[in-house]
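Undergrad: The lines below spell out each chain.
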Amino acid sequence: MNSLLPSISVLTVIYPVAIAAEAMSGALAAGRRNMDIFGVAVIAFVTALGGGTIRDLILGRFPIGWTQHPEYVYLVISAGLLTTVIAPFMHNLKRVFLVLDAMGLIAFSLIGCSVAVEMEYPTVVAIMAGMITGICGGILRDVLCNQVPVVFRRELYASVSLAVCGMFLTLRAFGVDADLNTAVSFAAGLLLRLVAIWGGWKLPTFSYQQRWE
Amino acid sequence: MNSLLPSISVLTVIYPVAIAAEAMSGALAAGRRNMDIFGVAVIAFVTALGGGTIRDLILGRFPIGWTQHPEYVYLVISAGLLTTVIAPFMHNLKRVFLVLDAMGLIAFSLIGCSVAVEMEYPTVVAIMAGMITGICGGILRDVLCNQVPVVFRRELYASVSLAVCGMFLTLRAFGVDADLNTAVSFAAGLLLRLVAIWGGWKLPTFSYQQRWE
Amino acid sequence: MNSLLPSISVLTVIYPVAIAAEAMSGALAAGRRNMDIFGVAVIAFVTALGGGTIRDLILGRFPIGWTQHPEYVYLVISAGLLTTVIAPFMHNLKRVFLVLDAMGLIAFSLIGCSVAVEMEYPTVVAIMAGMITGICGGILRDVLCNQVPVVFRRELYASVSLAVCGMFLTLRAFGVDADLNTAVSFAAGLLLRLVAIWGGWKLPTFSYQQRWE
Numbered sequence: 001m002n003s004l005l006p007s008i009s010v011l012t013v014i015y016p017v018a019i020a021a022e023a024m025s026g027a028l029a030a031g032r033r034n035m036d037i038f039g040v041a042v043i044a045f046v047t048a049l050g051g052g053t054i055r056d057l058i059l060g061r062f063p064i065g066w067t068q069h070p071e072y073v074y075l076v077i078s079a080g081l082l083t084t085v086i087a088p089f090m091h092n093l094k095r096v097f098l099v100l101d102a103m104g105l106i107a108f109s110l111i112g113c114s115v116a117v118e119m120e121y122p123t124v125v126a127i128m129a130g131m132i133t134g135i136c137g138g139i140l141r142d143v144l145c146n147q148v149p150v151v152f153r154r155e156l157y158a159s160v161s162l163a164v165c166g167m168f169l170t171l172r173a174f175g176v177d178a179d180l181n182t183a184v185s186f187a188a189g190l191l192l193r194l195v196a197i198w199g200g201w202k203l204p205t206f207s208y209q210q211r212w213e
Numbered sequence: 001m002n003s004l005l006p007s008i009s010v011l012t013v014i015y016p017v018a019i020a021a022e023a024m025s026g027a028l029a030a031g032r033r034n035m036d037i038f039g040v041a042v043i044a045f046v047t048a049l050g051g052g053t054i055r056d057l058i059l060g061r062f063p064i065g066w067t068q069h070p071e072y073v074y075l076v077i078s079a080g081l082l083t084t085v086i087a088p089f090m091h092n093l094k095r096v097f098l099v100l101d102a103m104g105l106i107a108f109s110l111i112g113c114s115v116a117v118e119m120e121y122p123t124v125v126a127i128m129a130g131m132i133t134g135i136c137g138g139i140l141r142d143v144l145c146n147q148v149p150v151v152f153r154r155e156l157y158a159s160v161s162l163a164v165c166g167m168f169l170t171l172r173a174f175g176v177d178a179d180l181n182t183a184v185s186f187a188a189g190l191l192l193r194l195v196a197i198w199g200g201w202k203l204p205t206f207s208y209q210q211r212w213e
Numbered sequence: 001m002n003s004l005l006p007s008i009s010v011l012t013v014i015y016p017v018a019i020a021a022e023a024m025s026g027a028l029a030a031g032r033r034n035m036d037i038f039g040v041a042v043i044a045f046v047t048a049l050g051g052g053t054i055r056d057l058i059l060g061r062f063p064i065g066w067t068q069h070p071e072y073v074y075l076v077i078s079a080g081l082l083t084t085v086i087a088p089f090m091h092n093l094k095r096v097f098l099v100l101d102a103m104g105l106i107a108f109s110l111i112g113c114s115v116a117v118e119m120e121y122p123t124v125v126a127i128m129a130g131m132i133t134g135i136c137g138g139i140l141r142d143v144l145c146n147q148v149p150v151v152f153r154r155e156l157y158a159s160v161s162l163a164v165c166g167m168f169l170t171l172r173a174f175g176v177d178a179d180l181n182t183a184v185s186f187a188a189g190l191l192l193r194l195v196a197i198w199g200g201w202k203l204p205t206f207s208y209q210q211r212w213e
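Protein sequence lines correspond, in order, to chains A, B and C.
1 is the number of the first residue of the first sequence in the UniProt record's numbering; add one for each residue after it.
1 is the number of the first residue of the second sequence in the UniProt record's numbering; add one for each residue after it.
1 is the number of the first residue of the third sequence in the UniProt record's numbering; add one for each residue after it.
If you're looking for bench data, these hints aren't it; they were derived computationally from the structure.
Any given hint might turn out to be false.
[To be verified] Sample of chain C residues with no beta-carbon within 10 Å of chain A, all distances over it, derived:
#, residue
1, L100
2, A173
3, L194
[Claimed, not checked] Some but not every residue of chain C turned toward chain A, in silico, with C-beta under 8 Å:
#, residue
4, L28
5, R33
6, N34
7, M35
8, I37
9, V40
10, L57
11, P63
12, I64
13, T67
14, V73
15, T84
16, V143
17, L144
18, N146
Remember, predicted model here, so these are calculated numbers, not experimental data.
Virtual Cβ for every residue (Gly too), placed ideally from N, Cα, C.
Turn these sequences into a full structure, and let the hints guide you.
TA: Laid out in structure tokens, this is it:
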């Protein structure tokens, strides 16, 4: 047991909330494409658990996380289907939802980072594992809904994941206690994301329209 | 050898027919996008063997099925290329083709389900393995052809896969002989799918057009 | 050590140039979609290292190549970000760029082929491993940029990969020395690709517009 890794107990509380929030965002995206309820369930599942699946595949970590936790599968599918009922009222909950989504992004990033560190991958791979866990679910959702992933164009989102992973690994290198490190990185990341939404902060964009043909 | 699993011999007869039918559906989709014959071969391959590949990856089952069966690779690529020649006449065979496609869906689902059961994954994972095998080939085909997967919008399709997997696992839990179970589940699934096509049965759709921005 | 495999040293020189060139092609595609610089970095990474990642996953070869080579991760991300600066001048370098891209395609193909042969996969799997390494990065790039993969419609591209793999394995079967084999296959493939671009050679296209519904 490596005491510089986040205690499982801290993130275990946030994790189910996070995957439920991601599942709901997936269900709304499916609704924008007029999918049937089966499609809604699939997109909910993929959005919530797809990032962790890709991380586990790339790190060669078998069995894949959710295959050992049927309760998560039921949770995300239920959250997705529930969304089809409560969608008309969700607009009023926009702010709650954005906060839950931000919490999900950061919890996923910290978990992904920790998993790679535990497996003794190099630092850059740990950062990428955190980002893959944080953003790949949303990328899969957008690819299945046939649109360019919003994560590549939105206010600071993936960069928040990067910042959180970088902060966590830096504090860890300085020997900061894992629980404290997790709490501090989580709070800082959440603050950064919420300020970015509030201020509409975006990364500079690269436009290239020249045709070579 | 687990005698509650379908005897390999039963599905082995259907499997080559099924992957050839799926390869042909992939080739037609490639033709709708004016791809070159190389693209046709790739889409045929991915449609026929992509679902099983994703299942094997997610279950951590190496080596991946088709890498040990070059004959399947040759079969699906041949079926895809043959389609470019016989496409003008295939419209007349529409009904035959839909039946073959339905047989493929169900055979894939039963095989996927059995593989996960053999590896002692939980029940919900076995159901998902069945569905992944049944529908992911078609999803990959549609993503590569840049369209929203039809499986999320068509008459009962993925739900047939779900029903077949559920039925198979239920009968198995009651101790029904594997060959009988396979035959009964296969026939029931095929009937359900054909009736759904005939009656235009669809799942309820979820539409959500509200913009949050 | 199998002396019929290409000496690592030969391809190791070309490999970094190849992944940098692929990363740049990814960055330009991201720029056509007005992505932010984070999206540029992701697409550059996926274009350059995605093909090898998919190959390693399908061959069950863990750990995945780039996770053991952080220097490649830094290289492709740097090349992608650099592209946003030098893009206005790259049009003048079109010919250089096309040659680098062709070198990448062929180096990737030979490496992928060798990896599968080393793992003692059947010949057809070795050929597919070569093609997967050569073209899947570009396919992922196009899927993430929401367009039909150009590799399915362009002048001879994937077929060059196929030809190179076939030639390499044939010469190997005749016992040709690995370094000589690599050099000859590389040169022949490069020549074929450049002549195909120059002459606008394409594979026949399959068009199928009939609707079944």
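Undergrad: Each hint needs a verdict: does it hold in this structure or not?
TA: Hints, one by one, checked against the model:
no.: 1; hint: L100; verdict: holds (14 Å)
no.: 2; hint: A173; verdict: holds (32 Å)
no.: 3; hint: L194; verdict: holds (16 Å)
no.: 4; hint: L28; verdict: holds (6 Å)
no.: 5; hint: R33; verdict: holds (5 Å)
no.: 6; hint: N34; verdict: holds (5 Å)
no.: 7; hint: M35; verdict: holds (4 Å)
no.: 8; hint: I37; verdict: holds (5 Å)
no.: 9; hint: V40; verdict: holds (5 Å)
no.: 10; hint: L57; verdict: holds (6 Å)
no.: 11; hint: P63; verdict: holds (6 Å)
no.: 12; hint: I64; verdict: holds (6 Å)
no.: 13; hint: T67; verdict: holds (5 Å)
no.: 14; hint: V73; verdict: holds (5 Å)
no.: 15; hint: T84; verdict: holds (4 Å)
no.: 16; hint: V143; verdict: holds (6 Å)
no.: 17; hint: L144; verdict: holds (6 Å)
no.: 18; hint: N146; verdict: holds (5 Å)
Hint violations for this structure: none, all hints satisfied.
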